[in-house]
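What follows is the residue order along each chain.
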Amino acid sequence: MSESIKPMFRKIVQCFTALVFTVFVSNISAVAAPDGKAIFQSNCASCHNPLKDATGPALKGVDGRVPSKEWLHNWVHNPSAMIAKDAYAQKLFDKWKPTVMTSFPSLSDEEIDAVVTYVNSVEPPSKGPAAGTGAATEQPEGTSSTGNWIYALVTVILLTLAFILWRVNSGLKRVANEKDGVPNVKEIPFYRNKVVIAITVILVFIFAGYWITNGAIEMGRQQNYQPLQPIYYSHKVHVGINQLNCLYCHAGAEKSRHAMVPSTNICMNCHKQINEYTGNEEHPLVTAEGKKIDGTAEIQKLYKYAGWDPVKKEYIRDEKGNIKATPVKWVKIHNLPDHVYFNHSQHVLVGKVQCQRCHGPIQDMDEVYQFAPLSMGWCINCHRQTQVQFTNNNYYSIFEKYHEELKSGKRTGVTVEDIGGTECQKCHY
Amino acid sequence: MSQKKYWKGLEELNNTEAHQEVAANEFSEPLPFEMSDNLLNATTPRRDFLKFLGFSTVAATLAASCEMPVRRVIPYAIKPEDIVPGVPNYYASTFVDGGDYCAIVIKTRDGRPIKVEGNTLSSITKGSTSARVQASVLSLYDKARLRQPMVDGQEATFDAIDRQVKDGLASASQPIYLLTSTILSPTTKEVINQFLAKYPTAKHVIYDPVSYSGMLLANEASYGKRALPSYHFDKADTIVSLGADFLGTWLSPVEFSKQYAATRKVTAKNLKMSRHYHVEGHHTTTGASADVRATCKPSEMGAVAVALYNAVTTGAAPSLSTKGLNELVTKAAADLKKGNGMVVCGSNDVNVQTVINAINSAIGANGTTINWAVNSNYRAGIDADVAALTEAMSNGQVGAVLIHGVNPVYELYNGKKFAEGLKKVPVTVSFADRMDETAQQCKFVVPNHHYLESWGDAEPKTGYYSLMQPGIAPLFKTRAYQDSLLMWAGATTTYGDMWKQYWTSKLGGESNFDKALQDGIVEPAGDMPTGGATFAGNIGTAISAIPTKPTDGMEVVIYEKISIGHGGMWSNNPWLHEMPDPMTKVTWDNYACVSPKKAKELGNELTSITEVDTAKRVIKLKVNGQEVLLPLIAVPGMHNDVVAIAVGYGRDAKVGMAAKSGTDKWGNEIGGKNVYPLTHMVGQTVSYHAPVTIEKTDKTYDLAITQTHMSYEGRAVVHEFTLEEFAKNPNELLEERKEEIGPFTHQPWGEEANEESMHTEPEKAAAAGAAVLLDEEGFRKNATLYPEYVSPGIHWGMSIDLTACTGCGACVVGCMAENNVSVVGKREVMRSHDMHWIRIDRYFSGNPDEPDTIQTIFQPMMCQHCDNAPCENVCPVSATNHSSEGLNQMAYNRCIGTKYCANNCPYKVRHFNWLDWNGADCFDDNLYEDYRRDGMNDDLTRMVLNPDVTVRSRGVMEKCSFCVQRLQDAKLTAKKDGRPMKDGEAKTACQQACASDCIVFGNVNDPESAVAQIRKNNKERVFYVLEQIHTLPNVNYLSKIRNTDKIVGGNEATDWMMKEHI
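Line by line, the protein sequences are chains A and B. Oh and the first sequence: position 197 is 197 in the numbering used here, straight run, nothing missing. Oh and the second sequence: position 358 is 358 in the numbering used here, straight run, nothing missing.
If you're looking for bench data, these hints aren't it; they were derived computationally from the structure. Since this is a predicted model, take the numbers as computed values, not measurements. Note that beta-carbon positions come from the ideal geometry of N, C-alpha and C, so glycine has one too. Watch out, some of these pointers could steer you wrong.
[Stated by the list, open to error] Pairwise CB distance ranges (calculated):
{"#": "1", "chain 1": "B", "residue 1": "Arg-71", "chain 2": "A", "residue 2": "Gly-360", "range": "26 to 36 Å"}
{"#": "2", "chain 1": "B", "residue 1": "Phe-49", "chain 2": "A", "residue 2": "Phe-207", "range": "18 to 28 Å"}
{"#": "3", "chain 1": "B", "residue 1": "Thr-973", "chain 2": "A", "residue 2": "Gly-360", "range": "23 to 33 Å"}
{"#": "4", "chain 1": "A", "residue 1": "Gly-360", "chain 2": "B", "residue 2": "Pro-80", "range": "27 to 37 Å"}
{"#": "5", "chain 1": "B", "residue 1": "Pro-80", "chain 2": "A", "residue 2": "Glu-282", "range": "51 to 61 Å"}
{"#": "6", "chain 1": "A", "residue 1": "Lys-85", "chain 2": "B", "residue 2": "Arg-979", "range": "29 to 39 Å"}
[Said to hold, decoys possible] Here are the computed lysine-lysine pairs in the DSBU-like style, where the Cα-Cα straight-line distance is at most 30 Å:
{"#": "7", "chain 1": "A", "residue 1": "Lys-320", "chain 2": "B", "residue 2": "Lys-982"}
{"#": "8", "chain 1": "B", "residue 1": "Lys-976", "chain 2": "A", "residue 2": "Lys-407"}
{"#": "9", "chain 1": "B", "residue 1": "Lys-987", "chain 2": "B", "residue 2": "Lys-107"}
{"#": "10", "chain 1": "A", "residue 1": "Lys-407", "chain 2": "B", "residue 2": "Lys-79"}
{"#": "11", "chain 1": "A", "residue 1": "Lys-236", "chain 2": "B", "residue 2": "Lys-79"}
{"#": "12", "chain 1": "A", "residue 1": "Lys-329", "chain 2": "B", "residue 2": "Lys-143"}
{"#": "13", "chain 1": "A", "residue 1": "Lys-255", "chain 2": "A", "residue 2": "Lys-332"}
{"#": "14", "chain 1": "A", "residue 1": "Lys-352", "chain 2": "B", "residue 2": "Lys-417"}
{"#": "15", "chain 1": "A", "residue 1": "Lys-401", "chain 2": "B", "residue 2": "Lys-987"}
{"#": "16", "chain 1": "B", "residue 1": "Lys-738", "chain 2": "B", "residue 2": "Lys-1016"}
{"#": "17", "chain 1": "B", "residue 1": "Lys-107", "chain 2": "A", "residue 2": "Lys-329"}
{"#": "18", "chain 1": "A", "residue 1": "Lys-407", "chain 2": "B", "residue 2": "Lys-982"}
{"#": "19", "chain 1": "A", "residue 1": "Lys-320", "chain 2": "A", "residue 2": "Lys-236"}
{"#": "20", "chain 1": "A", "residue 1": "Lys-312", "chain 2": "B", "residue 2": "Lys-79"}
{"#": "21", "chain 1": "B", "residue 1": "Lys-654", "chain 2": "B", "residue 2": "Lys-417"}
[Stated by the list, open to error] Covered stretches of chain B (chain A as the covering partner; in silico rule of three or more C-beta atoms under 8 Å from a C-beta of chain A):
{"#": "22", "segment": "403-409"}
{"#": "23", "segment": "412-423"}
{"#": "24", "segment": "530-537"}
{"#": "25", "segment": "942-956"}
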């Protein structure tokens, strides 16, 4: 028996050691090894696709094509220099000119290798019924709703029963009274009962008043407004998953009162290369109504607006050479009344307010909805609580009194309200 | 002199019943509901109450359940690189209207021009503008502009027209004439030369709607140059103007106003001030600004010039028709002889202008104040040439006429003859932007771009250039007339290419060109060279040709209004129509101005000669066999035998809705009369005055006058001193103010009731280096029970110099453009419903029966942004309240229209939106229409609206906001850069428009700011209107200083106001 135990024990120890080692090693590699995918997406993806030719060649299997690993490193660090002296590089340039690849001198050899590993690992998306994941989740929860019905039915039956019994009871009472010769009190139907009427009127008044007042206050406000857009543009995919900077598209946010919805040529900066949605497994696109969305088809819609011919990979132009683009008629979600002046740059650049403070978790929204009520009370509250960049911005040096108070400790901070941020003509003129 | 009596109009002076009524009433018309006893005593039955309750509940529910419309946000398809939506772009360009010139900067928002400002880089206009320059942006969006070329009144294509015109020109057997206004553009002159070279029989004829031929010809005779010199009003110590309205309409008022104002910035320490003598027949703003003014009939103007010449050269005493004229000439001659003088004259008579040249030569003005080294090119038109053309046309000796920039059928004294002549010309082409009177008579109309759509240039003074670049692509199928000329001359280049090539090669390279285009101007470095000229004219002949005595009887003067000018596209500009004339305060019409005395003689009862009653008597004027019926208006300061009428009115319906003359929908006559036909040729030039006979009629005509809309009921709101008085005792105003507010600077109770502080005042004053210590701070704190507003950061303040203000109205139009101020139209102006945020109050003093005694003060009046504002306290919903920056804020969306604020405002600067002027109302079909001003609400015209300013809807109050959108923008720019705001970064629209720099604006908390400096260094002239009622205005005024020794007395019989109020 001991003999049989021994090998077993040894096996366990071996396995355990191996496990510990693997975990240890893999941990190390997780810390040290560069994330090829991230580097690829932030540096290479605007010109390269792993599987298809774009501005630059498809990168899968690049290590097999090029003369050597070293060559590849040198190329990435300084392509122009390579073109000047290396024959293979020359050939490559001839094929892809006039575009010369951007040099990335800051990428280390390991990082380049990691990118290569990543692009090699990318598989073409399998076609067919592989993506049938949503079916199971759409099971209707029949049981609980049937239960509700039964409860309602029982309640109604019981109430009817109670009513019948009450009527029978009073009928019997009448008969008994008649029998005993006691005069019956004239019965008043409940709907003519003054107490009932009074209570009903008061209740109706309170509830209707509440409802009307609320409705009036809410008039024109549309918190949680989430309209269908002409293109299913997912902020989650762009900002949440691919980490795009908000200001890349909404360039006006730091310059103008309008944050600006980007024009199609801004979209096309990236989408000249990115012509399909490959993240279906990672993040399937679904509308609020549960309809599945084909990301690639949405990109095709963009091409139609942008006047881009995806086959020829060039813009469609009229005889004067102007791109035949049409603007996308997005549905405006965040609406302020005409008499409100709101300036994005004031808040974003001067106030250093994060976009999410008003627009909510935009990085998690596939379809954008209005997060904040955008009511005046909401604005004012923020102005009351928010500290201005008082000591960091030299503009505020003119508020000498506040600076003195801050120095003497009489004041801990200066809110927007303190510098007049709740006055009418800061927003209404 | 501060105790002098001022009156806004004759009704105030005479305190007529109608005036008392207007002054006492809150509103000028009865309110639109009956205030019956029944209404006041009515009890509401329970059932009615329930009905109302039910209705309002249902209404509210329905309203609340309304669905929000789906709004779209549509970005650019391809965004132009240089446009950031919401951020304005500025392009330097040039305003040109015939010979009128102004260097400008176009403000475009999201690709459309919305405002025009002066270009400060120009050494000529120095950032100034005029009312017309400000209003020119509205003309860009004029609905009446032609949208495509026309042939025989039918729409046509450029190709078809080019073919026909080319054929017509090629086959013309008679000479071809190109008839234009003065052309300032050097490249256009090249184009014209190319055209003339192609057609050897072609001639270029220039004329100006309001002619300066007399000056040009006189200069040719006197100096051998058919040109105009550069005037330097800023270098003049004595200015004598014989009928030249150089601050309003004469040559280049924008430039001259700036120069003139520079000589009139008086402080107690700097008492240097030019002296301005003025002689005229009617009453202009220039005359109103003058230090010494006398009136004469226009026919005597020549005699005045001769008398002045004699007085200057021989010292001969003048013997003119009035004592006032004699005195003025004697004094003026004495001052002119001291040097640095200049004489300008508005006459179009060659002989008179020759005498003026002789005077200027005699006093050595040439080379000092009048510069012959650099010519002005503002006018080049010769009347005789166009007269000859008219003659040739009616004789059938003209093969083709191409007309640009002028409208001879309307503007010529013999316009009818010109129109008939046109019929005999085989090829007639007009480049007019609309179907004006001449274009209607032309076969081809090839509309030119608006100047804001054009490439171009200007050479206002020889060697001083200004480039013109478009602020927007052409809105319609129009074509630059230079392109048409080039095309017909067979050239292959376009004007744009030619223009660019011209300037690139002239400036030496692309980068220089870019810089010039960005600056908008190309000027030689350094100061303008000055040079004189030797008078070589025949003064004897000139003098002998001038009549020594005025003609008998009444005379008519045909003049240009500051607003509408010579007519043209301005006649259809609602902003300019609504701008009250500086002198008469009349909007939307032309009329016959006469003196109050004459008005009485013409049999007008007092109420209708004054301004309260809108119905004015219509008179019939007969001039040279022409008859015209016009309403009569009494203007103090007019010569008793002169009647003055403005041109620019009486337009054809196709010129535009606002310009149209005829009858309106309700059968009322509108649009005034064309009085160009009342002018006539005298010798070589057109004369703008003539003998007239006047008949009264029984008809009346309504005029919309604004001056009586707001009354101070005689309280002293302006202060005026002669320079001499001011020099003698600069502290007089301070003493007066101290008398008013001194008793309230200390609290009679509490801690501050410190006897000592009162007694130590003289010492304190001595320590502060002032003769009078005015404890403004004490007054601010202690003269009220209301708490004090503190301004921890910025405190906005404005200073307005009454000495510099000429009443020109540029600020009024600038404000309308910046702040989307509604145009209400004549009918509503008559009901006091005008919406101007800034008005220019005009005060007369003197005896209305003696025009030479009349002195005038202009006072721009807008919201005073009181720190203790009476309007704020009475608003039941706090829609108007105070900001920590000293602004009196008006929140439109909170206003419920009680009008209490307007009632309680002592300055009467609040305006209520009685009707839906602009479609901002939430109810459909509520838009006010009067079929004249309605073009303002056209989708095209609405493109001029400033997107940063709310368009106010019916039922809310509005008033000057100190251009808060600009203040916020300036603050934001500074914040973004992380630096304190610079003085002058925030400018109000009125300040920027002002050609005389009389408005200064800034942060008074910053002791270095210009406005704080003025209040400190010029405190002897500072005053606040109605300061004694402790409104603590944030607008201060600087007293009017007049460089005269003549004190205008009041009239014993009408001195009631002084007795009552002072």
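Hints and how they fare:
1. B/Arg-71 / A/Gly-360: 26 to 36 Å: violated, 20 Å
2. B/Phe-49 / A/Phe-207: 18 to 28 Å: Holds - the Cβ-Cβ distance for B/Phe-49 and A/Phe-207, about 21 Å, lies within 18 to 28 Å.
3. B/Thr-973 / A/Gly-360: 23 to 33 Å: holds, 30 Å
4. A/Gly-360 / B/Pro-80: 27 to 37 Å: holds, 32 Å
5. B/Pro-80 / A/Glu-282: 51 to 61 Å: This hint is violated: roughly 37 Å between Cβ atoms.
6. A/Lys-85 / B/Arg-979: 29 to 39 Å: violated, 51 Å
7. A/Lys-320 / B/Lys-982: violated, 46 Å
8. B/Lys-976 / A/Lys-407: With Cα atoms ~25 Å apart, B/Lys-976 and A/Lys-407 stay inside 30 Å; holds.
9. B/Lys-987 / B/Lys-107: The hint holds at about 14 Å.
10. A/Lys-407 / B/Lys-79: violated, 48 Å
11. A/Lys-236 / B/Lys-79: Measuring from Cα to Cα gives roughly 25 Å; hence the hint holds.
12. A/Lys-329 / B/Lys-143: holds, 29 Å
13. A/Lys-255 / A/Lys-332: Given that 30 Å is the threshold and the Cα spacing comes to 20 Å, the pair holds.
14. A/Lys-352 / B/Lys-417: Violated - the C-alpha atoms of B/Lys-417 and A/Lys-352 are around 72 Å apart, more than 30 Å.
15. A/Lys-401 / B/Lys-987: Between A/Lys-401 and B/Lys-987 the Cα gap is close to 26 Å, so the pair holds against 30 Å.
16. B/Lys-738 / B/Lys-1016: holds, 16 Å
17. B/Lys-107 / A/Lys-329: holds, 28 Å
18. A/Lys-407 / B/Lys-982: Holds, because 25 Å separates the two Cα atoms, which is no more than 30 Å.
19. A/Lys-320 / A/Lys-236: violated, 38 Å
20. A/Lys-312 / B/Lys-79: holds, 23 Å
21. B/Lys-654 / B/Lys-417: Answer holds: B/Lys-654 to B/Lys-417 is near 21 Å, not above 30 Å.
22. 403-409: violated (count 0)
23. 412-423: violated (count 0)
24. 530-537: violated (count 0)
25. 942-956: Three-residue rule met by the segment 942-956 of chain B, so holds; n is 4.
Hint compliance for this structure: hints 1, 5, 6, 7, 10, 14, 19, 22, 23 and 24 are not met, and every other hint is.
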